[in-house]
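**Student:** Protein chains in written order, with this note's numbering: chain A, 7 to 347; chain B, 7 to 347; chain C, 7 to 347; chain D, 7 to 347.
Note that these hints are calculated values from the structure, not bench results.
Misleading hints may appear alongside valid ones.
Copies of the same chain look alike in the list, so a pair counts if it fits in one copy or across any two.
Calculated cross-link-like contacts (lysine to aspartate or glutamate; reagent style EDC-like; alpha-carbon spacing at most 20 angstroms) [unchecked claim]:
id	residue 1	residue 2
1	K80	D100
2	K80	E58
3	K133	E50
4	K80	D44
4 protein chains.
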Amino acid sequence: MTRRIILVDPLPRTLDLIMTPDVRRRLERMGEVVVSEDRTMPDEVVERLLPETVLIFGQTAMDRARLECAPHLKAIINVETNFLPNVDYQAAQDRGVHVITPASAFAAPVAEAALGMAIDLARGITKADRLFRDGRESYGLAANRETFRFMGSSVGLIGFGDLGRQFRELICPFRNTVRIFDPWLPAEVIERAEAIPASLDEVLSESRTVAVFAGVTSENQNFIGAREFALMQPGSSFLLMSRAGVVDFPAFLDAVRSGHIRAATDVFPEEPVAADDPVRQIPGLLLSAHRTGGTSDAFHAIGAMAVADAELILRGLPPVLCRRADPATAARLRSKPVDLS
Amino acid sequence: MTRRIILVDPLPRTLDLIMTPDVRRRLERMGEVVVSEDRTMPDEVVERLLPETVLIFGQTAMDRARLECAPHLKAIINVETNFLPNVDYQAAQDRGVHVITPASAFAAPVAEAALGMAIDLARGITKADRLFRDGRESYGLAANRETFRFMGSSVGLIGFGDLGRQFRELICPFRNTVRIFDPWLPAEVIERAEAIPASLDEVLSESRTVAVFAGVTSENQNFIGAREFALMQPGSSFLLMSRAGVVDFPAFLDAVRSGHIRAATDVFPEEPVAADDPVRQIPGLLLSAHRTGGTSDAFHAIGAMAVADAELILRGLPPVLCRRADPATAARLRSKPVDLS
Amino acid sequence: MTRRIILVDPLPRTLDLIMTPDVRRRLERMGEVVVSEDRTMPDEVVERLLPETVLIFGQTAMDRARLECAPHLKAIINVETNFLPNVDYQAAQDRGVHVITPASAFAAPVAEAALGMAIDLARGITKADRLFRDGRESYGLAANRETFRFMGSSVGLIGFGDLGRQFRELICPFRNTVRIFDPWLPAEVIERAEAIPASLDEVLSESRTVAVFAGVTSENQNFIGAREFALMQPGSSFLLMSRAGVVDFPAFLDAVRSGHIRAATDVFPEEPVAADDPVRQIPGLLLSAHRTGGTSDAFHAIGAMAVADAELILRGLPPVLCRRADPATAARLRSKPVDLS
Amino acid sequence: MTRRIILVDPLPRTLDLIMTPDVRRRLERMGEVVVSEDRTMPDEVVERLLPETVLIFGQTAMDRARLECAPHLKAIINVETNFLPNVDYQAAQDRGVHVITPASAFAAPVAEAALGMAIDLARGITKADRLFRDGRESYGLAANRETFRFMGSSVGLIGFGDLGRQFRELICPFRNTVRIFDPWLPAEVIERAEAIPASLDEVLSESRTVAVFAGVTSENQNFIGAREFALMQPGSSFLLMSRAGVVDFPAFLDAVRSGHIRAATDVFPEEPVAADDPVRQIPGLLLSAHRTGGTSDAFHAIGAMAVADAELILRGLPPVLCRRADPATAARLRSKPVDLS
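Can you build the whole structure from these sequences, using the hints too?
**Tutor:** This is the structure in structure tokens:
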């Protein structure tokens, strides 16, 4: 091999979106960068480059046959941040090719917004602003009849991946009792985070604020439905931060519309939401248009994590920032591609 | 003395507002409780009781003459939480009568709301909800063109009393660079809180979020005006959490209306705000009707702190939860009584 | 008054011991400094200077008569850090003269050493070093038969002043269950520090490590004796960090010598300890010659806190770093002067 | 397969050493447990069981041929906590067999002891005890001439794996400036831990306390030698907590003996140390006989982490507590087996 190709095929991202000039220079120091960002890299270009390719950044289709054409390939780095069925994960593992993605890039901005929303729901911030603009505000104690203090209240998390962990860290000064439901984790991991491992029903019935951070899998679609919302305490808060698919959305809206709970959601079954969707008129619902993760620093984190791990891999070291695709579990993930840009 | 009177004269508070049943029982264990809460305790009642009074909870007028009629009086505990000119502070000190108030009772709920509002302004939460309801929402990156991450951003505090300290503690996980202006404090106190002592101008010009927690004194009225707002970075946030009197309010509204800064305010020069006040229509202003402190737990904290310190005083120990009136500085404080209930 | 005298009479301290050049320059900016540090300032000098004195740094005798000769005096700042009977505290208060001392100056170095000693006792660090030097060391698990993990173990504090608070902060990452006995404090203060208010007996019987941070008063001398040591769990640790007088010292040594508990002490009934004192041979006792507080940075903190508060006082503001003498409680304190230098 | 064998071959551990009764019951619920702990499991037994084995706990030799005889094997869980050449890691990965080890089990007790030792060296705790027993103690400031405050001082870490991270967390309240050298990690990981990525030379020359937490690899043996010790500041502390092989041991002892640095070590080139080894007489060296990790709770953590991850693996989920063997990097690790029991 005389060349060291770095194949960059980042759609729906672009290189400028995910890399600051500084990170891009680090990328260029690792090899000869070939980019296709106005369209998916054409098959003939991919196939011509593979024999000399050491790294792929992007969602290029990589079946077993293509992997076999890429004897120097060290890593495929998905910059979409969801593992898709575009790679033969088992074949990649068999050949010692790392398949990784900077899955945690969006965790920090989403967790920050989730705390803002949790306080907002508890203390009625957005609602009070709306009433004030309508000339219907109350003052002092009268304005707090339906509020609760977030400090010291009980919090329940559904899903304790990167997002849940960031959120748990941000709420530390609030001294909440925190219960966590995550069937993919042993109790030890939850206890180390000074939280209580709990069943889904316990999380729902014991928490004044419930935040959903779980991804969608083939097994958990709509797993929070009418029965589950009924378990929640009247007046408690529900934050839907990860994927709309984990809840039965009509049942969710019913629970908010009836006044049983208050809620915030950053995700919707169909995005963009239809202009006449009645979701836009529910008073107890804080609306966020899939916007809590898509900050420019989060996109830059994708590139920074991807490049840092690529540098390690080229030195023969294991990646430490990105998540590895596990052939067994990748199959369970069903995230449909979501374009945050 | 055969009786031990505890004189309770709590208006504008009531005993039920400020004491849970549990705390009230502790109050009653200290002596014979005489309460007047439908009106200020009449002079003749006060004067009849003073010779056997050990504690006063409330804002009863206590000039030197009355103090001389109360030989067993150990403490006057203001439950308004602002020192007013109702007491001859020097005479009380001369007689060894503690004059104290649970000044920090509202700090925790205000600090919590301030963090919610700081994240709200940075990430555009309330504004995005309003746009969504109007059918004008954007998604993902497009919805974040004017946002900034609160995490890691620069924060400036004006005033570092109980409120500022609570806020500083709550933002610890956000790893902000924090600058503090408080002319009543030595640099050591600010540095111990892992913050940078700074001038007012530095706080304003270097911070992406500025939060005002200072009380009003005879010296600092309107000390943040047009010149000061002009020092702020375009697009930065301003939170007014303590007293409207510390800012030049028209200059403040101009700075927001022009789009130079975004802001939240919990206080207004006149409360309630007039129905047709144009403040209600400023898009970049998050409106809160003097409601961030007035939660029921904050009122209960008044009673709990007052009773706990009274118990210590009756045992001959110094109070530790309430603030002591300092004759010299009490004169500087000009807070007009604000009724949060 | 044409001069503004600052009278400095710091024995047993010296000005160089307690002030860095920087702090000394701040002192000199406040007035005309007159120092006597080879001997206590002679009466005739004191009396000549008092009419023009604004600040006293030191332990100068200040009875009512002298106070009356000092019409411009704003503060007496004890740099010994213990209030002594040299001042008429009531008369000073009556005249509005602040009497303060930087009592917390030694808290930080003592707390740091206390944590080192707590881990040392739990894990057997000094003892293992001694065995190793004697050629009697064990390795691995065999060397840990009598150790316990400090992480997660129960800790009890006796006294929760500056020292106890610093210690509580340092152990936060260790996630101990912390019980605190402090009869001068309401439960609220202890609960805010995420600890459990407890009786002395509970602290002793429930804690794997007990640390004594209480000062001596006229009421608590020798309050931890044979009965109290018997309450402790076998193999638990006892740290004596404040004053020897709070324990019945012979009973303490018996409890250690018998092997019932392990212990560390920084204080002794007589200092220096006699050359032939059998305390030097007790294997389970970690010995420290009243040295945990006396670091040079602690002495410098005395001067820095004293000068910072003096600056505030001269501006008409209340001091915030030093402790105020309370005429009522000053009488209870019985600390005999201890010279740490 | 009619049986589900769990093959337990834990030497040099025993099952009782690494599992509490509770954890053992969880082990037994996963299958039929076959244990050999008086000797390594004989070949004929292993080979007879493999066809029905689902899990191996221990260091059983597993070459490619044996792996092929174990069609139901899901995981090999090394309970030695060091990956050894007993497994064909590539063959295991190819067959989807997890090879993992609870590598972090010893991190918590070692980090705790390291903090105790860091404070000990800074403040002279063990040394002061020795002087006191010899009748040569000093008091107060005189006893602190060679001490430094650990609080606020500069700290350098060499190696930032589990151990370094635990240590970094424990020292948070001490507000040190922390520099970290770890060539296996990108700067991002170090910066997230609020530390400064630094070269080895910077860590050595800028830190008042240097702690070595790095494991030995084929590349880093003796990488800290005379040149490196000379870079350290006079009077600074050096803690050797991981493997003796990372330092040039004679050069290390010279640096301590000469008085240039003070040090603590938990590891030695030959263990047990010879009775007449002069290392036993070096005054500035705190001696620990490879005992900081070997606490009973650490051994129990091995079993608890191993069983928790085995439970996940049997449910088709990825392990989350143990470290995975990476065929590429396993080859670099050269830890010779160390028996902590």
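**Student:** Does each hint hold? Answer for all of them.
**Tutor:** A quick look at each hint next to the structure:
1. Taking the shortest alpha-carbon separations for K80 and D100, both the intra-copy value of 12 angstroms and the inter-copy value of 16 angstroms come in at or below 20 angstroms.
2. Taking CA atoms no more than 20 angstroms apart as the test, K80 paired with E58 passes inside one copy only; the shortest distance there is 11 angstroms, against 35 angstroms between copies.
3. When the C-alpha separation of K133 and E50 is checked against a cutoff of 20 angstroms, the pair qualifies neither within a copy, at 56 angstroms, nor between copies, at 47 angstroms.
4. Taking the shortest alpha-carbon separations for K80 and D44, neither the intra-copy value of 25 angstroms nor the inter-copy value of 44 angstroms comes in at or below 20 angstroms.
Violated hints, in rising order: 3 and 4; the structure is consistent with all others.
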